[in-house]
Amino acid sequence: MATLSSPLRVCRGLLKELRAIQGPSYKKSAAYNYVMEQFRKNKVTSERHCRAVQEAHHDSQTYLCLLVSTRNHLVLHNIYHAKGERSAEEVAGVVGLRLPTQPGGKGWEK
Amino acid sequence: MLRTLVRFSGVFRDTSSLRLLSSRRQSCNFHLNYSTATSERKRFYQDVTISQGEGGLFEINLDRRKLKTPGGKLFTVPNEALAIAVATEWDAQKDTLKFYTMHMTTLCNTALDNPTQRNNDQMITAALKFLETDTVCYRVDEPYGLVELQKNEWDPVLQWTENRYNVTIGSSSSILGPEIPEATKDTLRQHLNSYNFWSLTGFEYVITQLKSVVLSLGIIDRHLSVEQAVLLSRLEEEYQIRCWGSVEWAHDYDTYELRARTAAGALFVHLTSESSTVKHKLMQD
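Residue numbers (full-length UniProt numbering), protein chains in the order written: chain A, 1 to 110; chain B, 1 to 285.
Simulated from the structure, these hints should not be mistaken for lab results.
On a predicted model such as this, the values are computed, not experimentally measured, just so you know.
Virtual Cβ for every residue (Gly too), placed ideally from N, Cα, C.
Take the hints with a grain of salt, since some may be wrong.
[Said to hold, decoys possible] Covered by chain B, according to a simulated footprint, are these stretches of chain A (three or more residues, beta-carbon under 8 angstroms):
1) 8-16
2) 25-35
3) 73-83
[Stated by the list, open to error] No farther apart than 30 angstroms at their CA atoms in a straight line, the calculated lysine-lysine pairs in the DSSO-like style are these:
4) K73(B) - K16(A)
5) K129(B) - K94(B)
6) K27(A) - K41(A)
7) K28(A) - K42(B)
8) K185(B) - K129(B)
9) K16(A) - K66(B)
10) K28(A) - K211(B)
11) K42(B) - K68(B)
12) K151(B) - K129(B)
13) K94(B) - K83(A)
14) K27(A) - K151(B)
15) K151(B) - K94(B)
16) K28(A) - K41(A)
17) K16(A) - K94(B)
18) K27(A) - K185(B)
19) K66(B) - K27(A)
20) K185(B) - K28(A)
21) K68(B) - K27(A)
22) K185(B) - K211(B)
23) K16(A) - K28(A)
24) K41(A) - K83(A)
25) K42(B) - K83(A)
26) K94(B) - K68(B)
27) K66(B) - K94(B)
28) K42(B) - K66(B)
29) K185(B) - K151(B)
30) K41(A) - K16(A)
31) K73(B) - K151(B)
32) K27(A) - K16(A)
33) K73(B) - K94(B)
34) K66(B) - K28(A)
35) K211(B) - K129(B)
Only chain A is shown next, with the shape it has when bound in the complex (with noise of 0.2 angstroms):
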């Protein structure tokens, strides 16, 4: 049942993951080497038959689905939940509502 997309979409995605991480140099870690061992290793010859391929296929998408949620999770929380207290004009604004401006500045109703 487990759509999955196809295996060069979900290799692409991992290097883009990998570069994003490690920057230009990427490939030359070890994540790099083992992410394309692999690929090139399942694909299906006829000279050897590593693990099933479709196995390796989850797993591969499992890894970019925790390398993309790890990033973009890290994205929001530095929006969100990093700076600590915010001000009341920021409170507001993050549901979208702003504060009532006095128009003879503050004091004014007295």
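Given the structure of chain A, go ahead and fit chain B onto it with the hints provided.
Below, chain B alone, put in the same frame as chain A:
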């Protein structure tokens, strides 16, 4: 209104700073090594490398120092894939170490230190306790839209699990939930018994995240993808989002966090339970 707002925020500031102080003091007294999940340290290393130590176990090196668990043990993992996943997490930290984004590391630490001192049987019992209050077994009577949604989305997964393990679980809309026969629990207990301690750690983690044994089995058996399982686990919330709209700082935030945690748990189970073997075809004359 402005004044009351300001007064309220003042009160909150006081209490939160107090809480921070007290928790800091507590954690210092309690255990020096265990940092709280939200605390951040400066990144103190440049390079992260992997090396294979005694017994074929893989270790993580930060510059020249070996990574240790919070409990003080040497950090070792059984295979290269897991070591790479952990090393990538350490590499992904920019200026500060954000432990709350390092799920694979956390899981390895839990498995190595076993901070709650439990054995396999206790973990299986704790995991199966979730079956009695499994998310997909509890249905609502109204509103109609949600009833339909639960039926259409949850029933196929439930049926698949029942067929796969040849058990009865069932669903119910009463507050007591369905009555799950002992035979079902025995079968699942036997199944979980086939996993090793590391895998069980991951398994329990997935179950506690999704609040569902059925969905967890679906992921671990590779019937569901992580995205699907998380969607099914949050079905009611998704329904409410459809009615009332999505709020980024609550809904999306939760979804991404749940996905990351679930994916980490599932991957952890897969990486620690499988043994990859390469079978070469015999050359024929």
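Hint-by-hint comparison with the structure:
For the region 8-16 of chain A, the assignment as covered by chain B is violated, since 0 residues bring a beta-carbon within under 8 angstroms of that chain's beta-carbons and 3 are needed. Residues of the region 25-35 of chain A with a Cβ under 8 angstroms from some Cβ of chain B number 4, which satisfies the need for three, so the listed coverage holds. Counting residues of the region 73-83 of chain A whose beta-carbon sits less than 8 angstroms from any beta-carbon of chain B gives 7, enough to reach three: the coverage restraint holds. Only pairs whose Cα atoms come within 30 angstroms are accepted, and K73(B) paired with K16(A) is rejected, the gap being roughly 34 angstroms.
Annotation: proposed proximity of K129(B) to K94(B) is violated, straight-line Cα distance about 39 angstroms (limit 30 angstroms). Between K27(A) and K41(A) the CA atoms are separated by roughly 18 angstroms; this keeps the pair inside 30 angstroms, and the hint holds. Of the pairs offered as hints, the one joining K28(A) and K42(B) holds, with about 25 angstroms between alpha carbons and a cut-off of 30 angstroms not exceeded. A C-alpha spacing of about 9 angstroms is found between K185(B) and K129(B), which places the hinted pair at or below 30 angstroms, so the restraint holds.
With a C-alpha separation of about 29 angstroms, the suggested pairing of K16(A) with K66(B) holds against the 30 angstroms cut-off. Restraint check for K28(A) and K211(B): the C-alpha separation of about 40 angstroms exceeds 30 angstroms, so the hint is violated. This hinted pair checks out: K42(B) and K68(B) have alpha carbons roughly 17 angstroms apart, not beyond 30 angstroms. With a C-alpha separation of about 23 angstroms, the suggested pairing of K151(B) with K129(B) holds against the 30 angstroms cut-off.
Distance check on the hinted pair: K94(B) and K83(A) sit about 17 angstroms apart at the alpha-carbon level, within 30 angstroms; holds. Taking the CA atoms of K27(A) and K151(B), the gap is near 47 angstroms; set against the 30 angstroms cutoff, the hint is violated. With a C-alpha separation of about 45 angstroms, the suggested pairing of K151(B) with K94(B) is violated against the 30 angstroms cut-off. Restraint check for K28(A) and K41(A): the C-alpha separation of about 19 angstroms stays at or below 30 angstroms, so the hint holds.
About 17 angstroms separates the Cα atoms of K16(A) and K94(B), which keeps this hinted pair within 30 angstroms; it holds. Simply put, K27(A) and K185(B) have alpha-carbon atoms about 48 angstroms apart, too far for the 30 angstroms limit, and the pair is violated. Of the supplied pair hints, the one linking K66(B) and K27(A) holds, its CA atoms being roughly 24 angstroms apart against a limit of 30 angstroms. With a C-alpha separation of about 48 angstroms, the suggested pair K185(B) and K28(A) falls outside the 30 angstroms cut-off, and the hint is violated.
For the hint linking K68(B) to K27(A), the alpha-carbon distance of about 27 angstroms falls within 30 angstroms, and the restraint holds. Among the hinted pairs, K185(B) with K211(B) is consistent with the structure: their alpha-carbon atoms are about 17 angstroms apart, no more than 30 angstroms. Restraint check for K16(A) and K28(A): the C-alpha separation of about 14 angstroms stays at or below 30 angstroms, so the hint holds. Distance check on the hinted pair: K41(A) and K83(A) sit about 45 angstroms apart at the alpha-carbon level, beyond 30 angstroms; violated.
Distance hint between K42(B) and K83(A) is fulfilled; the C-alpha atoms sit about 17 angstroms from each other, no more than 30 angstroms. Restraint check for K94(B) and K68(B): satisfied, since their Cα atoms lie roughly 20 angstroms apart, inside the 30 angstroms limit. Simply put, K66(B) and K94(B) have alpha-carbon atoms about 19 angstroms apart, close enough for the 30 angstroms limit, and the pair holds. Of the supplied pair hints, the one linking K42(B) and K66(B) holds, its CA atoms being roughly 17 angstroms apart against a limit of 30 angstroms.
For the given pair, K185(B) sits about 23 angstroms from K151(B) by alpha-carbon distance, which is consistent with the 30 angstroms threshold. For the given pair, K41(A) sits about 20 angstroms from K16(A) by alpha-carbon distance, which is consistent with the 30 angstroms threshold. Between K73(B) and K151(B), the direct Cα distance comes to roughly 48 angstroms. Violation of the 30 angstroms bound is thereby established for this hinted pair. Note on K27(A) and K16(A): the hinted pairing holds, with a Cα-Cα distance of about 11 angstroms set against a maximum of 30 angstroms.
With a C-alpha separation of about 25 angstroms, the suggested pairing of K73(B) with K94(B) holds against the 30 angstroms cut-off. A threshold of 30 angstroms between alpha carbons decides the hint, and for K66(B) with K28(A) the separation of about 21 angstroms falls inside it, so the pair holds. A hinted pair counts as satisfied when its Cα atoms are at most 30 angstroms apart, and K211(B) with K129(B) qualifies at roughly 10 angstroms.
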